[in-house]
Amino acid sequence: MYDFEFKKPGSIKAAVAMLESEDAQALGGGQTLIPTMKQRLASPAVLVSLAGIAKMQGVNVANGVMTIGGATTHADVAANAQAIPALVALAGHIGDPAVRNRGTIGGSLANNDPSADYPAAALALNATIVTDRRKIAADDFFDGMFGTALENGEIITAVRFPLPKAANYQKFLQPASRFALTGVFVADTKDGMRVAVTGASEEGVYRWTEAESALNDTPEASALDGLSVSPDGMIEDLHGTAAYRANLVGVLTKRAVTAL
Amino acid sequence: MTKVSMTVNGKAVSGEVEGRTLLAEFLRNNLHLTGTHIGCDTSQCGACTVHVNGKMVKSCAILAQEADGAEVATIEGMANDDGSLGVIQAAFQEHHGLQCGFCTPGMVMAAADLLAKNTNPSEADIRSHLDGNICRCTGYHNIVKSIQAAASALS
Amino acid sequence: MPKDHGIGAAPKRREDVRFLTGKGKYTDDINLYNQTYAYFVRSDVAHGKINNIDTKAAQDMPGVVRIFTGADFEGVGGVPCGWAVTDKHGEPMQEPAHPVLAQGKVRHVGDPIAVVVAESLAEARDAAEVLEIDIEELPAVIDMKAALEDGATKVHDDLTSNLCFDWGFVEENKAAVEEAFQNAHHVTSLELRNNRLVANPMEARVAIGEYDAASEDYTLYTTSQNPHVIRLLMGAFVLGIPEHKLRVVAPDVGGGFGTKIFHYAEEAFCTFAAKAVGRPVKWSASRSEAFISDAHGRDHVTKIELALDENGKFLAVRTDTLANMGAYLSTFAPSVPTWLHGTLMAGNYTTPLVYVNVRAVFTNTVPVDAYRGAGRPEATFQLERVIDKAAREIGMSPIDLRRINFIQPDQFPYATPVALEYDTGNYGATMDKLIEIADIAGFGDRMVESRKNGKLRGLGVNCYIEACGIAPSNLVGQLGARAGLYESATVRVNATGSISVYTGSHSHGQGHETTFPQVIAEMLGIDESMVDIVHGDTSKIPMGMGTYGSRSIAVGGSAMVRATEKVIAKAKKIAAHLLEAGEGDIELANGEFTVAGTDKSVAWGDVTLAAYVPHNYPLEDMEPGLEETAFYDPANFTYPSGAYACEVEVDPETGKVEICSFAAADDFGNIINPMIVDGQVHGGIGQGIGQALLEHAIYDENGQLLTGSYMDYAMPRASDMPSFSVDHSCQTPCTHNPLGVKGCGEAGAIGSPPAVVNAVVDALADLGVTHIDMPLSPNNVWSAIQAAK
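Chain order of the listed sequences is A, B and C.
For the first sequence, counting from 1, position 149 maps to 148 in numbering that gives the first Met the number 0; every step adds exactly one.
For the second sequence, counting from 1, position 3 maps to 2 in numbering that gives the first Met the number 0; every step adds exactly one.
For the third sequence, counting from 1, position 107 maps to 106 in numbering that gives the first Met the number 0; every step adds exactly one.
If you're looking for bench data, these hints aren't it; they were derived computationally from the structure.
Where is the CB? At the ideal position from N, CA and C, for every residue including glycine.
Treat the hints with care, since some could be wrong.
Said to hold, decoys possible - Okay, derived cross-link-like pairs now, SDA-like style, lysine to any residue, Cα gap no bigger than 20 Å in a straight line:
1) C:K571 <-> C:K599
2) C:K22 <-> B:N29
3) B:K54 <-> A:D75
4) C:K2 <-> B:E75
5) C:K22 <-> B:E24
6) B:K54 <-> A:N79
7) C:K454 <-> A:V250
8) C:K24 <-> B:E75
9) A:K37 <-> C:E128
10) B:K10 <-> C:K22
11) C:K565 <-> C:M621
12) B:K54 <-> A:A53
13) C:K11 <-> B:Q92
14) C:K22 <-> B:Q92
15) C:K22 <-> B:G9
16) C:K274 <-> C:Q34
17) C:K24 <-> B:S13
18) B:K2 <-> A:E4
19) A:K7 <-> B:S13
20) B:K116 <-> A:D75
21) C:K302 <-> C:L314
22) B:K54 <-> A:V87
23) B:K116 <-> A:G91
24) A:K37 <-> B:N28
25) A:K37 <-> A:N59
26) C:K274 <-> C:V75
27) A:K37 <-> B:E75
28) B:K116 <-> A:A78
29) A:K37 <-> C:A482
30) A:K37 <-> C:A121
31) C:K451 <-> A:A258
32) B:K116 <-> A:V250
33) C:K22 <-> B:E93
34) A:K6 <-> B:K10
Stated by the list, open to error - Just so you have them, the derived chain B footprint on chain C, three or more residues with Cβ under 8 Å:
35) 105–117
36) 200–212
37) 282–294
38) 506–518
39) 670–678
40) 715–721
Sequences are here, hints too, so could you generate the full structure?
Rendered as structure tokens:
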């Protein structure tokens, strides 16, 4: 690792101020960033830990919306997000227990790893990403692999999930990293069925709109029978061919719908 | 260099660290607590598992400065006050839950984390709690048995 | 009633206390006064010509002590190979030079080019980044078949081709084998790959070199399974340091699995550099570095054919294998696909004719050498897979087909057509035991249950035999070994009767500190706590060949027994003197020497005291003291064997394989400590399941290792494993070593991969799947299902 200056502000305002300099970077739980820095693939001069900001912690439900602070760990989500059981299950299976005690929802969404779990949840649940300066609909937030709508120095302070009627996440493990080789989050929301897929597309997390239409017509797994998933544009790597991932998208979506 | 202070195994400690100093490095190099091992550089093997404020973390994926002010527990603090093996350690010895010993400190710390929250874990609970702790020697069979035995002994 | 002490008991491991309390002392826990830190700059291309290395800017970086390149090692020896194979035409293998640091060319990703030695690791790494290395990338050869084509790029310009050797075994049988195939009732053939693996002991390699200018003594602390072998190879062949000036210490070592047998360039570098910079030099591998610098394992591509008669009796086996050597010959690499592989192709069966062809190939990849099992897993896998396939083809149960071909108990000693003489075994007994512990009778019901849940259930069974405890030195010398393969032990009895045993075997997880005292305590009738084991330090132990090939108890233990027998013989003489009796009348039991048929006795401690305080002692006939050394050179290999069963459920929609149960019935001969034997088998099965389902070191066509970290190299985790059912109650003791032991370290890794693959193929047989190459990842299984449609 290259050396850097470590800062731990107590407020969002202070954090944003510290992040104004070009070579400063926000640090959530560090479960991706620290290993990346150890490989010398990232070299911020200043690391701004968000862990000391009390306002960014915790899970609250009010008026049919669950709000999760951006610095809330996966373990805390798994322990406190009972209003959306699918989210409890998702958070409880990210990485491993030690990772879940450090990694945060804001960090995961900001990184938008194409195989991460939270992006699928945010997209399927039609979440709103709240930052220090604005609110971004999940549909507008993700922008290809590792890309987001976030500006330099912008912090995810909270994520708001409208409570769905039902939801389920099916994760198929990449056996080495324990990220999702493919994961499908299906949610029955007030705006209809939403299906979000992670781990599969070269464009990162996406909504499978054909499946959503079919499910809006017939909310059963059999509605998906006629749909085919094209391997075009799917990730192909040593863990799975594009065709395999396309198959997983179909299989996991059906399983998620069945489990709703 | 920045000064950090924390409690490690009940003792107040402090030291000068760089921004990049990992908690694992602080424990091993500054405090000479070499029971915490480093087995990989992608934060997956769990040999460096310690507890920070009562929760298991990988000390190779947390900066020493992030643990400033924290309560840290390591393998060196797991024995009884009289120096005899604690319940979990004794169960690992009794059930041959270790061979080369390199992953063992992390396994014991992971087991302690589990048993603090779940006094009667199923085999599946135990295996899933060890998802971030890799052992190359035991095939995990006797690690699972050791943790089951420790759970019985503790309850 | 299980015993509570001595041979056959299961005392708790004494080494555990330090490991469980964080007090283990691994090499990386050692820090020497005034030490420096070495950072290796490694090739990031698979093949390239080094045009220039400019060290000037790096040399001026903060904290840099010195920068070393290949130029510093001109005139220094290369890393030697310890086994020479002669090819089927009587020609020696092609043996390339293997410099400590690259000389002119790099030949695999990870090949060391330069080393920065600095005040801290961070400073060494910072300086390494400004080192200017001009490398012209050359085409790389990665695929073995492509490497053997005419005109292929050569890994080594000074060799005639990329073929290291073309080995035929047994060459004299070749024609008879051909004839047997022509006349066979049925021939089953199978092409398969034994996937390349990375051993991945959880402790990565570390080396610390130290030099004392006043005495001209060198010390190397290293993560080795065999410190004496390192002293020999590095001292004699690389650095030219005589043994009495070179001490090699391997303290607590965090697992080895073969990859810590070999002498590595980093060890020689740190030792050399310690003198050059006048300070200790420490190198600690990161895991990423381990992936591209530890010798890999396996990586064979094989076609195997089995000829059967109309009753299913095996007539002949014929194989054709390409074995990857990587870019250089690692210490024992040539022995693995040859003498540790071809000799096992008779398996547990009476197959009268075998011909094995192995072409060893250089590629621009990390060197490949022994990994747990070393050659024997490759032999077992192909043989047990082709037998399974044959059973399906001729409509016979895989168990029955094996049974009718077993070597029968009354046939031992049994000379195989591939040069081994099995001393003992009972393959039917282990199969019977397996059928019992795996509840094979209940499989049909379980299969029906699985079907109800949409899962395809399969049962895989196989046998294995291995040759361990390698072996008579004069024989292995004829086979090309450049070392002897005995073991030594010194049993030092102290004045008060306590004992220190100095063994050349090295414990890095096997529990020698516990099991070896069990043997001595049993022999002397004293408490185990009176015996301590000393190992891992060339300055303390007379000589040692180390620990690999399941040899510690069979060879190292036998040496210890021989030394203890000498101790007993001398102690009896002392006792006879003290008891004023004839030496022949003295009996030793329960720690007391007794005159046979009388109640006259003298305690162990009185005899040992007399040896060191010889006031009443036959000084005219005997020297005082009680310490004996023995070197034990085995008369033969040992032959552990067994039968394994695996049950799987396959999810046909995703290809995911779940292991429902795994059972192992092993015959290890006599057992010293059943708890530790169980643990060894568990660990071997864990690695075997890892090979079968998860692990694969994959290079792309440019020679980049795609699985260079735990993010992509799938290490088995707790949730990938079932609990295992293991049994070693079938015991046919080895007939030629004093303990009747066979060794148990590698069995699990040898026996388990075919069981897993046989089970998955069984589950998918109705879909038309006949083989899937390992690892049986979900993607590979699903793809095989699609291909069979």
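The hints, checked one at a time:
1. C:K571 <-> C:K599: Within the cut-off at roughly 14 Å; holds.
2. C:K22 <-> B:N29: At roughly 16 Å apart (the allowed maximum being 20 Å), N29 of chain B and K22 of chain C satisfy the hint.
3. B:K54 <-> A:D75: 11 Å, holds
4. C:K2 <-> B:E75: Since the Cα atoms of K2 of chain C and E75 of chain B sit roughly 34 Å apart, the hinted pair is violated (cutoff 20 Å).
5. C:K22 <-> B:E24: 17 Å, holds
6. B:K54 <-> A:N79: 16 Å, holds
7. C:K454 <-> A:V250: 14 Å, holds
8. C:K24 <-> B:E75: Distance of about 13 Å is within 20 Å: holds.
9. A:K37 <-> C:E128: 14 Å, holds
10. B:K10 <-> C:K22: 18 Å, holds
11. C:K565 <-> C:M621: Roughly 13 Å between the alpha carbons, so the hint for K565 of chain C and M621 of chain C holds.
12. B:K54 <-> A:A53: Roughly 18 Å between the alpha carbons, so the hint for K54 of chain B and A53 of chain A holds.
13. C:K11 <-> B:Q92: OK: K11 of chain C and Q92 of chain B at ~6 Å, within 20 Å.
14. C:K22 <-> B:Q92: 15 Å, holds
15. C:K22 <-> B:G9: Satisfied, since the Cα-Cα distance of roughly 18 Å is no more than 20 Å.
16. C:K274 <-> C:Q34: 12 Å, holds
17. C:K24 <-> B:S13: 24 Å, violated
18. B:K2 <-> A:E4: With Cα atoms ~13 Å apart, K2 of chain B and E4 of chain A stay inside 20 Å; holds.
19. A:K7 <-> B:S13: Holds, because 18 Å separates the two Cα atoms, which is no more than 20 Å.
20. B:K116 <-> A:D75: Given pair K116 of chain B, D75 of chain A holds - Cα atoms ~14 Å apart, limit 20 Å.
21. C:K302 <-> C:L314: This hinted pair holds, its Cα atoms lying about 17 Å apart.
22. B:K54 <-> A:V87: Given pair K54 of chain B, V87 of chain A holds - Cα atoms ~18 Å apart, limit 20 Å.
23. B:K116 <-> A:G91: The hint holds at about 14 Å.
24. A:K37 <-> B:N28: 17 Å, holds
25. A:K37 <-> A:N59: 35 Å, violated
26. C:K274 <-> C:V75: Holds, because 14 Å separates the two Cα atoms, which is no more than 20 Å.
27. A:K37 <-> B:E75: 26 Å, violated
28. B:K116 <-> A:A78: Given that 20 Å is the threshold and the Cα spacing comes to 12 Å, the pair holds.
29. A:K37 <-> C:A482: Not OK: K37 of chain A and A482 of chain C at ~42 Å, beyond 20 Å, violated.
30. A:K37 <-> C:A121: 11 Å, holds
31. C:K451 <-> A:A258: Roughly 18 Å between the alpha carbons, so the hint for K451 of chain C and A258 of chain A holds.
32. B:K116 <-> A:V250: 35 Å, violated
33. C:K22 <-> B:E93: OK: K22 of chain C and E93 of chain B at ~18 Å, within 20 Å.
34. A:K6 <-> B:K10: 25 Å, violated
35. 105–117: violated (count 0)
36. 200–212: holds (count 4)
37. 282–294: holds (count 3)
38. 506–518: This one holds; 4 residues, not fewer than the three required, reach chain B with a Cβ under 8 Å.
39. 670–678: holds (count 4)
40. 715–721: holds (count 5)
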